[in-house]
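*Asks:* This is what each chain is made of:
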Amino acid sequence: MSGVRVLVGTRKGAFVLASDARRQDWQVSGPHFAGWEVYHVAGSPADPDRLYASQSSGWFGQVIQRSDDGGRNWEAVGNDFTYAGVPGQHQWYDGTLRPWEFTRVWHLEPSLTDPDTVYAGVQDAALFKTTDGAQTWEEVRGLREHGSGPDWQPGAGGMCLHTILLDPSDENRMIIAISAAGVFRTEDGGANWDPINKGLLSNGIPSPAAEVGHCVHNLAMHPSRPQTIFMQKHWDVMRSDDGGDSWTEISGDLPTDFGFPIAVHSHEPETVYVVPITSDGQHFPPEGKLRVYRSRTGGHEWEPLTAGLPQQHCYVDILRDAMAVDSLDECGIYFGTTGGQVYASADSGDSWTAIVRDLPPVLSVEVQTLP
Amino acid sequence: MIRVVLPAHLCALAKCGKEIQLDAGATQRAVLDELEARYPALRGTLRDPNTGHRRAFVRFFACEEDLSHEPPDAPLPAPVAAGTEPLLVIGAMAGG
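These protein sequences, in sequence, are chains A and B.
Our numbering puts the first residue of the first sequence at 1, with every later residue one more than the last.
Our numbering puts the first residue of the second sequence at 1, with every later residue one more than the last.
Check the hints yourself; a few may be wrong.
Stated by the list, open to error - Derived coverage of chain A by chain B (criterion: at least 3 residues anywhere in the stretch with Cβ under 8 Å from a Cβ of chain B; other residues may be distant):
1) 49–61
2) 77–88
3) 168–177
Said to hold, decoys possible - Just a sample of chain B residues kept apart from chain A, beta carbon distances all over 12 Å, derived:
4) HIS9
5) ALA12
6) GLN21
7) CYS63
8) ALA78
Treat the hints as calculated values from the structure; they're not laboratory data.
Using N, Cα and C, we set each Cβ at its ideal position, and we do this for glycine too.
Take these sequences, add in the hints, and give me the full structure.
*Replies:* Dropping the structure here:
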């Protein structure tokens, strides 16, 4: 019988939440790597039992863990993320230049076809790749060596490469996002990259329409439409229909267009989900009401989804990698909060239940749809 | 024989007991080299893999002394070299 496995990274470990396709009764395992920050856990689309986790700590640095049995057993694998060549410099908060320095892996994106191939987005922003199941990592150096590198700067959470979109129709095409630099695209497997930020306007940078410097929070793409990309920016919800060459705002009637994650319905490419957050200075939902907003029109027109979500006294945040969709017949949506709740909807967002309520602050949520 | 006591997080990572015994030379560098060779999961957790510098929040204590700022090739205290006292690897008190 088919089912789902929800992979949750938190400030104090990882958790695996599993259910059959009804998504009503959940088995919770964890914490794995107890006490460590787990920024991301991801499963291979080519082998659901192959999982990768980014485990880190301010004391002991970065560890990468791999499971070959769906998360029951884990093995520490390669954690040497050495920048290729001379690391170079980027902007620092005070306007000075600072050398690139590796801190942690924010995001792991396994290949769509090969369980041993994984991309890693790291802080300070760079893209790494393994082709041996994470035993060794090599930087995709063309990105960091793009000429705009000295103009990249850290957001409040650090200068991180946090989003990686792989085009299922073209293995050489990839889109990534960096806070705060913007969106970049390669058409040749990573050798060359172009910034694709035309149409973004960011008032927090000296030139609002600059080629780079934008604080893009998250991207989403439906696999059947790789030319259409949705974006939650620091402020503004955006879309592109030309593969990122140009962007238009679709915030429409959202109560606020600040937020972190964005997701696309697994069967409806024009159905999009965001979680509005009050502002950059108030990282909690407006009016203390936790509302997911859904657009069935590809943006502009949004409806609040509230059934089962707290509608008073709720002051949690939902981080950029903490929302995901499954691909069961009735699309499931999942998101985690900084208050430790993981909410699930088995009906495309119409109603929600908390799978767990008291985990450590949730950093990331991914979901695997199991055969 | 050198005795090394690891913090709980690293014992879990290396899947080893709290105290381990190593056949290693009596310097920090020799001990860490042998420790990483025997437990590859610990590579990069105590010192930067490229520079070899100790991580900022990792400390080395022995015989009621803080050896963290000793040069990596300095001799360890005689009781550590003799195996009568352990080298303590400590996660510094910081954070929550």
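*Asks:* Please go over all the hints and tell whether each is borne out by the structure.
*Replies:* Outcome of the hint check:
Note: the segment 49–61 of chain A has 5 residues with beta-carbon separation from chain B under 8 Å; the three-residue rule is met and the coverage holds. Here the segment 77–88 of chain A counts 3 residues with a CB under 8 Å from a CB of chain B, which clears the bar of 3, and the coverage holds. Note: the segment 168–177 of chain A has 0 residues with beta-carbon separation from chain B under 8 Å; the three-residue rule is not met and the coverage is violated. The claim that HIS9 of chain B lies off the interface is violated: its Cβ sits roughly 6 Å from the closest Cβ of chain A, which falls inside the 12 Å cut-off.
Under the 12 Å C-beta cut-off, the non-interface status given to ALA12 of chain B relative to chain A is violated; the minimum distance is some 7 Å. Distance check on GLN21 of chain B: its Cβ is at least 22 Å (rounded) from any Cβ of chain A, clearing the 12 Å threshold; non-interface status holds. Distance to chain A confirms CYS63 of chain B as a non-interface residue, since its nearest Cβ pair spans about 23 Å, more than 12 Å. Interface exclusion of ALA78 of chain B from chain A stands, the closest Cβ pair being 29 Å apart, more than 12 Å.
Hints 3, 4, 5 from the list above are not met by this structure, while the remaining hints are.
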